[in-house]
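To convert, take the position in the sequence shown, counting from 1, and add 28; that gives my numbering.
These are computed hints drawn from the structure, not numbers from a lab.
For each residue, glycine too, the CB sits at the ideal point set by N, CA and C.
Among the hints, a few may not be true.
Claimed, not checked - Cβ-Cβ distance ranges computed for the label pairs, FRET-style: (1) S66 <-> V132: 38 to 46 Å; (2) G170 <-> T62: 12 to 20 Å; (3) G170 <-> G121: 25 to 33 Å; (4) V160 <-> V36: 25 to 33 Å; (5) T91 <-> G170: 16 to 24 Å; (6) N50 <-> E147: 19 to 27 Å; (7) V160 <-> N84: 39 to 47 Å.
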Amino acid sequence: MSRIGNKVIVLPAGVELTNNDNVVTLKGPKGELTREFSKDIEIRVEGTEVTLHRPNDSKEMKTIHGTTRALLNNMVVGVSEGFKKELEMRGVGYRAQLQGSKLVLSVGKSHPDEVEAPEGITFELPNPTTIVISGISKEAVGQTAAYVRSLRAPEPYKGKGIRYVGEFVRRKEGKTGK
Numbered sequence: 029m030s031r032i033g034n035k036v037i038v039l040p041a042g043v044e045l046t047n048n049d050n051v052v053t054l055k056g057p058k059g060e061l062t063r064e065f066s067k068d069i070e071i072r073v074e075g076t077e078v079t080l081h082r083p084n085d086s087k088e089m090k091t092i093h094g095t096t097r098a099l100l101n102n103m104v105v106g107v108s109e110g111f112k113k114e115l116e117m118r119g120v121g122y123r124a125q126l127q128g129s130k131l132v133l134s135v136g137k138s139h140p141d142e143v144e145a146p147e148g149i150t151f152e153l154p155n156p157t158t159i160v161i162s163g164i165s166k167e168a169v170g171q172t173a174a175y176v177r178s179l180r181a182p183e184p185y186k187g188k189g190i191r192y193v194g195e196f197v198r199r200k201e202g203k204t205g206k
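Construct the complete structure from the given sequences, taking the supplied hints into account.
Dropping the structure here:
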């Protein structure tokens, strides 16, 4: 039994779900998301509860069942609350600026890195060394945050770079000089 796949998804107030031959569209206060799911999984909507059912107990069906439920739940959370990731920059002279919807990063290179905000993603800068990436799609928010982090990943000797807030970077000892 797929424990995750069998959980019921409860639709919050203000969220509408329409299922058109396993093409699910969710409308909520934050926006609208559409995704096509496998034809093998049956999606049933009863009032404010959504349940997913699989045709058999094969290993493939169990994995698709759990994955479909997790993706659908992330869509419900996205259109009702939204997602956000916070990044922090550590290093002398490392800072970020906003130019319209474009994020401009100064991270110790000979040129500034520019990141254009994908559709549905917004950048916020509470201070010059903190970046908040938010949107309704968990996948797009995570992918954008990973890309921004990859422009200058934290290095293990001094800890300089862009990291997630709360991320632990294991430090290495430098040369001993013997």
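Hint-by-hint comparison with the structure:
A C-beta distance of roughly 41 Å is found between S66 and V132, which places it inside the suggested range of 38 to 46 Å. Hint check: G170 to T62, Cβ distance near 19 Å, so the stated range 12 to 20 Å holds. About 28 Å separates the C-beta atoms of G170 and G121, a value consistent with the hinted range of 25 to 33 Å. Distance hint for V160 and V36: a CB-CB separation of about 32 Å, consistent with the stated range 25 to 33 Å.
A hinted range of 16 to 24 Å for the beta carbons of T91 and G170 is consistent with their spacing of about 20 Å. For the hinted restraint 19 to 27 Å between N50 and E147, the CB-CB distance of approximately 24 Å keeps it satisfied. The hinted range of 39 to 47 Å is satisfied by V160 and N84, whose Cβ atoms lie roughly 44 Å apart.
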